[in-house]
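**Q** Each chain, written out:
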Amino acid sequence: MKRFLITRSFTLLIGLVLSSLIIFVTLRLLPGDVAQVIGGSQASPEKILDIREKLGLNFPLHMQYLDWIKGIATGDLGNSILTGSSVQAEILQKAEVTVPLTVYSLLIGLVIALPLGVFTAYRHQTKVSKAVSLFSIVAAAVPVVWAGLLGILFFSTWLGWLPSQGFPREGWDDPLAAIRALTLPALTIGLIEGAILFRFVKSATFAALDAEHVRAAMSRGRTRFNALIGHGLPAVGLSIISMLGLQIASLLVGAVVIEQLFNLPGLGRMLIVDVGNRDLLKVQSTLFVLTAVILVLGALIDVVHRLIDPRMRIGE
Amino acid sequence: MTVFKAFRMVGQTGKGQFAYTVLGLLILLAAMSYVWLPHDPNYAQGWNAWLPMSLEHPLGTDGSGRDVASRLIAGTRITVLVAVGTGIVSGVIGVVLATAQTLGPKLLREPLAIFIDVLIAFPTLLMAIMFTAVFTGGIPIVIIAVGVGFGVQIARVVRAEMRQILGADYILAARASGVTGFRLLMRHILPNISSVLTVQISLSMGLAILAESGLSYLGFGAPPGVSSWGRMLEETQRYISIHPEVVFWPGFAITLTVLAFYLLGDALRETLDPKLTKKQVLRRTSLGVQG
Amino acid sequence: MSDPTIGYTKKKRSRLPIIIGLIAALAIIAGLIYAISNVSNKSSSSSSEITISVPLEPTNLNIRETGGVALDQVLADNIYEGLVGFVSGTLEVQPVLATDYTVSDDGKSYEFNLREGVKFHSGNELTSRDVVTSLTETLGSMATVDATEEHTVTIELAEANSGLVYLLAGRDGLILEAEATNDLANSANGTGPYLFEEWKQGDSITLIKNDDYWGAPATLDKAVFRYIPDGKAAVNASLDGDLDVQVAVLSTLRTEFDRSDDFNLISASGTDVFTLAYNNNKAPFDDVRVRTAFSQAIDVDEIIAALEGEGKPLGGPITELEPGFLDLTHINSYNPENAQKLLAEAGVENLKVTVTTPNFYDAVVLDIVATQLSEVGVELTINPVEFSTWLEDVYTNKDYDLSYVDHAEAFDFFNYANPDYYFGFDNAEVQKLYSESLQSLSLEDAANKLAEASEVVANEAAAKWLYNYTPTNAISKKVQGFPESNTNSRINLAGVTIVE
Chain L
330 MKRFLITRSF TLLIGLVLSS LIIFVTLRLL PGDVAQVIGG SQASPEKILD IREKLGLNFP
390 LHMQYLDWIK GIATGDLGNS ILTGSSVQAE ILQKAEVTVP LTVYSLLIGL VIALPLGVFT
450 AYRHQTKVSK AVSLFSIVAA AVPVVWAGLL GILFFSTWLG WLPSQGFPRE GWDDPLAAIR
510 ALTLPALTIG LIEGAILFRF VKSATFAALD AEHVRAAMSR GRTRFNALIG HGLPAVGLSI
570 ISMLGLQIAS LLVGAVVIEQ LFNLPGLGRM LIVDVGNRDL LKVQSTLFVL TAVILVLGAL
630 IDVVHRLIDP RMRIGE
Chain D
940 MTVFKAFRMV GQTGKGQFAY TVLGLLILLA AMSYVWLPHD PNYAQGWNAW LPMSLEHPLG
1000 TDGSGRDVAS RLIAGTRITV LVAVGTGIVS GVIGVVLATA QTLGPKLLRE PLAIFIDVLI
1060 AFPTLLMAIM FTAVFTGGIP IVIIAVGVGF GVQIARVVRA EMRQILGADY ILAARASGVT
1120 GFRLLMRHIL PNISSVLTVQ ISLSMGLAIL AESGLSYLGF GAPPGVSSWG RMLEETQRYI
1180 SIHPEVVFWP GFAITLTVLA FYLLGDALRE TLDPKLTKKQ VLRRTSLGVQ G
Chain E
15 MSDPTIGYTK KKRSRLPIII GLIAALAIIA GLIYAISNVS NKSSSSSSEI TISVPLEPTN
75 LNIRETGGVA LDQVLADNIY EGLVGFVSGT LEVQPVLATD YTVSDDGKSY EFNLREGVKF
135 HSGNELTSRD VVTSLTETLG SMATVDATEE HTVTIELAEA NSGLVYLLAG RDGLILEAEA
195 TNDLANSANG TGPYLFEEWK QGDSITLIKN DDYWGAPATL DKAVFRYIPD GKAAVNASLD
255 GDLDVQVAVL STLRTEFDRS DDFNLISASG TDVFTLAYNN NKAPFDDVRV RTAFSQAIDV
315 DEIIAALEGE GKPLGGPITE LEPGFLDLTH INSYNPENAQ KLLAEAGVEN LKVTVTTPNF
375 YDAVVLDIVA TQLSEVGVEL TINPVEFSTW LEDVYTNKDY DLSYVDHAEA FDFFNYANPD
435 YYFGFDNAEV QKLYSESLQS LSLEDAANKL AEASEVVANE AAAKWLYNYT PTNAISKKVQ
495 GFPESNTNSR INLAGVTIVE
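For the protein sequence lines, the chains are L, D and E, in the order given. For the first sequence, the positions run 330 to 645 when my numbering is used. For the second sequence, the positions run 940 to 1230 when my numbering is used. For the third sequence, the positions run 15 to 514 when my numbering is used.
Please keep in mind that the hints were generated in silico from the structure rather than gathered at the bench. Please note: incorrect hints may appear among the correct ones.
As the list claims (entries may be wrong) - DSBU-like, lysine-lysine: derived pairs with alpha carbons at most 30 Å apart: (1) Lys412(E) <-> Lys326(E); (2) Lys383(L) <-> Lys399(L); (3) Lys296(E) <-> Lys376(L); (4) Lys412(E) <-> Lys446(E); (5) Lys122(E) <-> Lys446(E); (6) Lys376(L) <-> Lys446(E); (7) Lys122(E) <-> Lys214(E); (8) Lys296(E) <-> Lys446(E); (9) Lys236(E) <-> Lys492(E); (10) Lys376(L) <-> Lys122(E); (11) Lys376(L) <-> Lys236(E); (12) Lys944(D) <-> Lys331(L); (13) Lys366(E) <-> Lys412(E); (14) Lys326(E) <-> Lys491(E); (15) Lys412(E) <-> Lys296(E); (16) Lys214(E) <-> Lys399(L); (17) Lys355(E) <-> Lys296(E); (18) Lys446(E) <-> Lys492(E); (19) Lys236(E) <-> Lys214(E); (20) Lys383(L) <-> Lys214(E); (21) Lys214(E) <-> Lys491(E); (22) Lys446(E) <-> Lys223(E); (23) Lys944(D) <-> Lys459(L); (24) Lys383(L) <-> Lys446(E); (25) Lys296(E) <-> Lys366(E); (26) Lys326(E) <-> Lys376(L); (27) Lys492(E) <-> Lys214(E); (28) Lys412(E) <-> Lys223(E); (29) Lys366(E) <-> Lys355(E); (30) Lys326(E) <-> Lys355(E).
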């Protein structure tokens, strides 16, 4: 276990360095100049040069990279080129929208997927199961913009139940309003996410029903249902945990479109705006944080897997 | 079972028939669009904005006065291009990376594995946005960005499959008798991973269409003047409450086509290898549901 | 591999528990949605708070360095003030921080008497030093600014400039505190009736009442400017009841307001000119025949029809609100036959050109322009790019054929008299008329010279002025006194009230 932890941390570290390099290099290829964005369409060339000088954009690239990495290592993500405000603070503020949205969508997805997935695998020959399976594959094929638009049309325009855009300015100081604002976006992602998770849960349950220890339990006289609940589901849970890590991570980033559609001030929208403004330092730090979250989650899940799955300990 | 035979057998299942019908129609319409279209899909007439359905304009016109039906039909070209392009790019990247990792020099394997893990962690959508911003967008960039994104994931699946195969007796036998490198790959390994690969690529093709629609919505997809379903959805989305029928069509066409690719992948998997059920999960979230 | 059902054939367990579970889960979801939807729509806020949505957010708040009208729209008049300013919703100049001013006979020397007892939001009093520091920075080599007495400031111009008062009423005239230590990029410290409270990036700017204001006290306790770039989301926000005023409603979405009785739709005039610029320095647009042909190939009436009437045709660069306006729509009006002939004369048939445009404009206009140009044999490729790329490629490097962008600034005719501007329009007569306009001693003379110059520019087809944008604002029936003109570049909250 110790050896595993050491090698895993080592690969994680390499992964982090590598991703920082990829992000830094790709972003330097972007055309467009942040100094020009600040100056606007009436600024003179001298003024632009002046702004560039002030922003320190004239340093050599490797110096800029080393500066940035040094900052990250000491826990400082730098400041926005445009506003000078701390990137950390900005990310934390936007995460207040994106993280709850992700969790909320995932919860909706799980509430849909878990019972339905187990049920349809358990009774996979019935008409209901087949209908649910068919519905799930259709739902997974719907473009998220379209799903969101239909949701707005139905829940906001026609029924008037839910707000179709925005996040309260008071944020989580007004928790009910915040939850209300996130409900329709979360429902949109949650339904699609649920359809995807459903198929996963279903095949995992299938596999569990077929697993030898479950069949052994049945042969010892347990009912199929009991055997599944008692012996099969832990395995299902295990494989879901290993999938959830990546799911959460990609949902965090994947909210870009939904945030745009529902006008939510979250991380995804901030990124799109910053790319447009060429606020490179902020973009690269945000991108790095996101990829780092995903890499770290991946590593954590590997470790958790090791800890709880007895099969993984064989050979140690 | 060979992949070709599998394709034939898939045609006998309900899923397969649905997929073949939709995809056949798609290709047929794309081919037809080069010969004949009801109207020029880019002919914008300010006076004719938002005309209702009529004989002249079977699905009405959009906010620039362009014929919706013609744009929908012309949009099949981009759909086919994106699907096929991404399929090829992701397939090639997947196989090359997986091969390099299993058969390549030992020194290369571990770094490659890390590299792939990093790329997988790197959100496909963000990669696409960065790419399109650097290279001023357009469909080829979408194909490359999405292709790379799916390619690394296919690499991971194919890699697992390859390792399993490499441990098989007949490979050991072949290696013992001196078959190595390229020949080993072509003769013994590729045929054995072709089923996994086909299923993966077919799913990628469906996901690519979703990705195009998501990127187009964010303004990184097809340029104006090119009819694409994603672009149509983007251009009309804000009129959902006033002209819902015009917003309906591109979304419906995308859903139908993606569904066809999913079902094709499903049917292929069931035919090729029932055991695969466990491994093949819709990877749509790898895209972050943003399609 | 075997079917999982094999090995178990008894079927005694009822499926009831699962079905009950399912129904319960669905009921819980439905119940939650219902419960959430029944939370009261909006907490009843104090009556004098206004929420206004604006499409474009500034990149930072530094009014000295950051370009674009997004900053003036919110900060000018409400937070920052100048010696002179515009009467709310017009381009008429009135004294603000100055009580009055005099101009010397040669038009080169201005003397301003400062208002006494004006305080910055930091609490410090406004002095002539602040004015000198501010204006020296913005006017640069154009003028020497001096404080002759504690409350008197003189501006000595190097050359007479009849446009100076307009300049001072605009952004360059805003007075900042010389000694201020606040972070200009993230906060604002002026003399205006509202205090800067907060900027939530990507969301909103909040202003609150300045109880220490020198003039007529602010009529609102709080004003929130919400940034909603997507036109549809903004309309939804209005209909959800989140907004009191929505600036620049997408014309094609106006019918959505049929569903609500709470709003008046009011069309505002403005100085926005959506300009299709020709690269006058680059072939084939260095040929006046080609430029004229393009201008005549485009039917602006059709464009305005597609925008559902939200725009006025314009024959030249100056709008009705600005001095020097002339109705020039008869020059280079729609004439595709002549356009084709001119292109043939210039020997540029089967022309292929690209229009570069920031990606946030509605695509409809260029769709139609492309179709109209195709009718005279020109193939137009539309290249939407991010604004930063537009600035670099078009504005700085002048590497473009055609460009489509909104010139929102007022009094920006000088761009046609500056051959180094991205238009690349170099015409001696226009430059002469423009400098004469600056030298003239009366505003009327100045305007006449400008009008003359604009006619030359129109005849030379320096650009195609597609339309003068007249945005529709959706204003809640509770709101009174909201400015009805120029709201795209300045929203002066003076006199705006909320009545229940």
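**Q** Run the structure past the numbered hints and jot down the numbers of the failing ones, going up.
**A** 7, 11, 12, 18, 22, 24, 26, 28
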